[in-house]
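Colleague: Residue numbers (my numbering), protein chains in the order written: chain A, 1 to 346; chain B, 1 to 346; chain C, 1 to 346; chain D, 1 to 346.
Keep in mind that the hints are not guaranteed to be accurate.
Which copy? The list can't say, so a pair holds if one copy fits it or any two copies do.
Unchecked claim - Cut-off 27 Å, straight-line C-alpha distance, at most; resulting in silico cross-link-like pairs (DSSO-like, lysine-lysine): (1) Lys296 x Lys121; (2) Lys121 x Lys163; (3) Lys15 x Lys121; (4) Lys219 x Lys163.
These are calculated hints, taken from the structure and not from any lab test.
Protein chains: 4
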Amino acid sequence: MANFGSDNASGVHPKIIEAMALSASGMAPAYGVDELTKSVEQRLASLFETDVTALLVGTGTAANCIGLATFCSPFGGIFAHAESHIANDESTAPELYTGGARQFTVGGDDAKPNLEELVQKIDVSGARGVHSVEPAVIAISNLTELGARFSPDEIAAYSELAKSLGMKLFIDGARFANAVAGESDSPADLTWRAGVDALSFGATKNGAMAAEAIVFFNKSAAVNAERIRKRGGHLWSKHRFLAAQFDAFLDDDLWLANARHANQMGQSLKSQLQAIPGIEFASVSEANELFVRMPKPQAEALWECGHAFYEWPSLEGTYRLVTSFTTEQAEVDAFCADLRALATDG
Amino acid sequence: MANFGSDNASGVHPKIIEAMALSASGMAPAYGVDELTKSVEQRLASLFETDVTALLVGTGTAANCIGLATFCSPFGGIFAHAESHIANDESTAPELYTGGARQFTVGGDDAKPNLEELVQKIDVSGARGVHSVEPAVIAISNLTELGARFSPDEIAAYSELAKSLGMKLFIDGARFANAVAGESDSPADLTWRAGVDALSFGATKNGAMAAEAIVFFNKSAAVNAERIRKRGGHLWSKHRFLAAQFDAFLDDDLWLANARHANQMGQSLKSQLQAIPGIEFASVSEANELFVRMPKPQAEALWECGHAFYEWPSLEGTYRLVTSFTTEQAEVDAFCADLRALATDG
Amino acid sequence: MANFGSDNASGVHPKIIEAMALSASGMAPAYGVDELTKSVEQRLASLFETDVTALLVGTGTAANCIGLATFCSPFGGIFAHAESHIANDESTAPELYTGGARQFTVGGDDAKPNLEELVQKIDVSGARGVHSVEPAVIAISNLTELGARFSPDEIAAYSELAKSLGMKLFIDGARFANAVAGESDSPADLTWRAGVDALSFGATKNGAMAAEAIVFFNKSAAVNAERIRKRGGHLWSKHRFLAAQFDAFLDDDLWLANARHANQMGQSLKSQLQAIPGIEFASVSEANELFVRMPKPQAEALWECGHAFYEWPSLEGTYRLVTSFTTEQAEVDAFCADLRALATDG
Amino acid sequence: MANFGSDNASGVHPKIIEAMALSASGMAPAYGVDELTKSVEQRLASLFETDVTALLVGTGTAANCIGLATFCSPFGGIFAHAESHIANDESTAPELYTGGARQFTVGGDDAKPNLEELVQKIDVSGARGVHSVEPAVIAISNLTELGARFSPDEIAAYSELAKSLGMKLFIDGARFANAVAGESDSPADLTWRAGVDALSFGATKNGAMAAEAIVFFNKSAAVNAERIRKRGGHLWSKHRFLAAQFDAFLDDDLWLANARHANQMGQSLKSQLQAIPGIEFASVSEANELFVRMPKPQAEALWECGHAFYEWPSLEGTYRLVTSFTTEQAEVDAFCADLRALATDG
C-alpha cells in the first residue's frame, strides 16, 4: 500500500534526528546566537554562493509570511498564482503578517503565473493610486503547486517585471530541493542570479522535522525580518535545534539526495501511469508531485486498496500523488499494479 | 563554572529526544490528526482531571499570544504585571495576535499583580465606554517572572475578579511545572478549580526541545483557537513531533521530576547564598529562579570566573540565576564557593 | 459642458447645508448622544419599518468596512463581485478593519455576483478547514458598481445562500437611494425583508456633504460596531452634524427626490445615447450610472469639448457617465449633441 | 447656566459654516485634488513658514493615529504621558493604525512627560532587542491633557532626545490654537523649529465642524501618510468641505481669535475660582482647560444648578472645566456666583 498523501506525512531522516540528538546535551545560548546557528548561516551563504540574511523557523507558513511581510506594507499587493500555497493553504496568515496587505491571483499553466495576465493584474490593481494598492511582491513557488519547475530564464522574466515596477520577487521554496535535484541549475542560478529577492527554503517536507530557512538575497530590504519573526512567535528559544536540522540537511548534500530520491520515485510513478489507458496528467508533473486525472470510481477503488492520496480541490477530477524521501519503489509498483488491474477491469 | 543564564540554554532530556527519534520513521497524517497527538490530548485531560481543548505549539510566545487572542478582541484590554513576559519579552506579539488589543500593567510584590491596583486599573481603563477599552483578560504567570508561586487561593482571587467583570483569567505557565513540583496542589487545583480559563503549559524550558501546550479549560470560549494558531503559522505539518515531546514529558511524570530537580538546585543555591554576607534577595525566589542583589563588581568577578547569568533590566542591581533540569550540584557549589571567596576579599 | 465624472463631484443640497447651519449654534453633547442623533436613529427605523442599530460616519469606505468588520473575523472570507467598490476602490481598508480577512471575487453580468460561481467559490475557499478561511460575508452593492438594480427576489437568493452557510449578507448602498427611487420596492423590501443583515446607506453622493449610515437589521450581530467605529477614528465629536445631514436628507423624502432626479437625467442621457450609431452599453445602466462603449477618439474629442467623465479601468473601451442630483437637462443635451456631431463626422 | 463640559459641545463658527455653504454649489474634483484643498495646503505652509505635507481629516483620533502610524512600525514603541488622549480616549485606534505598536506611558506634572522617566522608559523598553520594541515616537500634547502649554525649549528637549535615539517627535495639537493664542511663540517656534516631526492641528474644538490637519514637517518620513489615511477610510470624497473649514479657520486668523477668546474665558474663570475658599487647582490650567479640586457635594450642587462639566477619571476629586470660542462671560460669572454661594453655605 502506497502513501502518496503528502511529503508532510513522512518522518525525519535518520541523519537529521541523529544531529538533533547530538545537540540535546550541553548548554547553548538561546534565541539563535549559538555557534551552530552561526555555522548554518554561513553554510547557507556558501550554498547560495553569496552573502545572505538567513532566518530559521519551524513552519512553511511562517517562512512564507515572514518573508512576504518583510517586503510588503499593509497597503501593498502580493501577486501569486491562483493555485499557490499562500493563496489557498495558509488561512489569512499573509494578511496577519503583512498587517492587511492584499493578495491577487492569476492563472497560468502548471501553476506558473501567466506573465501577461500578471502584468495586466498588477497594472489594474495599482491603477487608482491611493484608492487601490501599492504593488509590492510577485510570489512564485518552485516547485510550483502543480509540481512544475522554473528555469532561471523564466524566473528572470518575473524579476525583471518586479524590478521595473519597484516590486520584489519572492519564491516559496517549500519544495525548492525538488526543483534543484537532478538538474544542472545551481541554487544561485535559480535565485539571486535570476533576480530573486528572497526564498523560503524548505527542509520539513524533505527530511527535516520542522525547519525552513528564509533566505534573503536582498539584505538591505531584510532589516525588519528578525523583528517580524519574533513578533510572530517564531523565534525558537532552543534555536540550535532548528540549526541542527539544517546542518544535517546540508551535510554531504543530504537535501539533494533526499529530493533526488523523491523525484525519482515520482518520475517512476509517472512513467508507469502514462502507460495506463485512461490516465491523464493535469500538469507537467516533473518532480515528486503528480497531478493525475482519473475516473472517481478508480480513485475510490485505490483508496479501498489502502493507498493514500488526495483529490485536488481546484481541479475537477484530479488527484495529487506525492512521493517523498521515504517512498519505496515497491509502493510505486504496488500502486501501479492495482491501478492497471482496475483499468483492465473497467 | 555554572550556567545560570536561563533554562532556555539547557538541551533536551534524553527521554524526550528518544521519543522523537522513535517517531521519526514511518508515515503519519499531517497537521495534528495523528494518533499520537490524540493520545497526548487525552493525557493532558487526564493530568488536569477535566475535559480540555489542548493545542500544541513550538514556542512560549505563540502559546501565550494564541491563548490571549482567543479571549481578547482587538478593542480589548489585557491586564498583567509590569514584570511579566508578555509585557516585556514578546515584542508586540500580543498586539499582533489580538489585532491590536492593549496591555495594561500593574505592580505587586514578587511579580504578583497587586489586586487593589488591578481593580483600579481595570476600572479606569474601561471607564470611558467606547473611548476606552473593553477589559478582557487578566494574565498572571505561575511561576511569576520573579520566581514566585501562586497558591490556589491567590489564583481564585483573580478569577473571581475576572468573572465579576466578564473577563477571562489566563496563566502564562512557561514554568508551570516548577510551580507544581514539590507542592501538594495538583495541576487542577492551580488552574480550573481556581477558576482559570486557559493555561500555556510550558515544556521547552523543562526538558523539551520546542513544545508548549495551550490548555483551555473554558472550552466554549476556545472555538477560534485553532484558526488563530493556523494563521499565526504555528500549526506544524509534522505535528507528531510536538506530540512526541509532550508524550515523553508526561510519561512517568518526567515533567515533575525535571522541575523538582531544577527547584532543588535553585533552593540549594538559595540557601548557600543566604549565608553569604552582602547578598540579598529581590524576590521570594521559591523555585528555580533566584533574584539576587549584589554589588556590580562581584557580579563582574563571577562572570570573569566563567559563570553565566544575567542582570535583570528592571530591578536595579539585581541579577537573575536560573537552574534547570540539567543543573548539577557541582555548579551550584562552585558558584557559591567563588562568591564566598569574593565576599571575603571584598 | 457636462460633468459626468462622479456624483462625488457634486456639492451639497441647499436644504442639507441649511440644516447644518441651523445646528451650528448652541451646545450639544458630543459623540452621538445628542437629541438630533437619537431622532435620526428613530427616523431610520421608521424608514426601514423595523428596529435597527444605526451608526453614522463620514465616508463610504468607513461605512462599508465597519459594517464588514462587525460581521467578519480576521480569519473570515468576504465574497463580492470583482467590480465592486470594496474590491477595487478602498485600498486595503477591508483588511485593516477586519484584522486581515480575505476578499474573494466572482464575476457576473452588470456587477451582480453570479450565484453559481459564488456557491463554488465559497465552497472551495472554505474547503480546507483551518488551512483556508471561514466564509463569513456575502457583499453585494445596490446599485451595483455597473449601475444595475437588484430586485428583492435576487437579493433573497443571496441571503438564502448566506443563511444556509452561516454567513451574513451585507449591502454596499452608496447609491441605495438610486436603487429605490422610482421603483415600487420599499427600503424594507430591498433589505431585511429580503434577508439583508446590514446596509451602508449612502447620503454623500446624493446631496449630503459627508454622511453615511451603517444600518444593521441584524442587531444582535452588531454589538461590536460602535467600538469598531471608534477605534477606526470615525466617531465624530460634533456628531450632530452627521445627524443634521441625515435629518434633512430624510425630510420630505429629499433623498428620493434627489435620486429620482439623478436617475431621470441618467435615463434621459441613456435614451439619447442609444439613438446614436456606434454607441453601445456595457451594462444594463438602469439608474444614474451609464457604462458606454465608444471609440477612444470619440471619448477624447468629448473631453476636448470640456465634458468630464472617466474611462472604466476594468472594462476595455468603456466609459462611465454618472449623473447626480445637480445634473441639468442642458448638460445631458449638450453632451449628446456633441457626441452626435462626432458620430456624424466619424 | 454654564456649559464647561467640553469644547466638543460647542457648535460651528458662523464664518466657517458660511464658507462651507459657499462651497456647496458647483462641481469640484473629489478626493482632495480640488483647488480649495491645494490652497489650504499652501496656507498651512505659510502659517508654519516652511514646506509641509498636510493632510486633512474629520476627527482628532484619525489625525493622531494616521500621524503616529506614519512614523511607527508594528513592532515600534510610542511614548506618551499617562494622561494623554492617545493613551486614554482613543480606544485601541493607535494599535489599529500602527498594526499593533505598543504605547508606553510616563508621569509628569501638568501632563508633561517627565524627561528623566521618559529616558528611562525608552531605555528599558527597547533593551532586549527583538524581544522588546523598537522605540519609535515620542508623543506630547500641546496644550497638554491637563491644560498646560509647552515652551519651545521644553519641546526642543524632547526632540533632542528623540533625534538622539532615531525616534520621531509628534504633537497632538487638538488644542494647539489654545497653546499659540496670546503668546509670543509662533506656530513654527512651537513645531519644526523646536524639532517636531509632525503635528495634528485641531480645528474641530475651536470652531470647525469636523476638521483636523496632520501637518508633517518631516516630509521625507511622510510618504506613506496618504495611503494610511485612505485605508483608514478618512479620505473624504467631497474633500473641499474639509478644506472650506480650514480656509475659513485660517482666514483673518479666526483660529487665533477663537482660541484667544476661549483662553480669556478660561483665565477669567480661573481667577474668580482662585478667590473662592476651598477651591484648588490640580494643574497649571493656563489656557481654556481648568482642572479644579472641590468637594463632591459642591460639584453635585453645581450640576443641580444646571452647570455642565465632568469629573476627571484619573485624578481623584478633580473636575475639568473647559471654555470654548462660544463661552460667554455671563456663563463664567454665573458659575462662579453659584460656587461662591455654595462655598459660603458650606
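Colleague: Which earlier hints can't be squared with this structure?
Modeller: Hint check: 3 fails alone, others pass.
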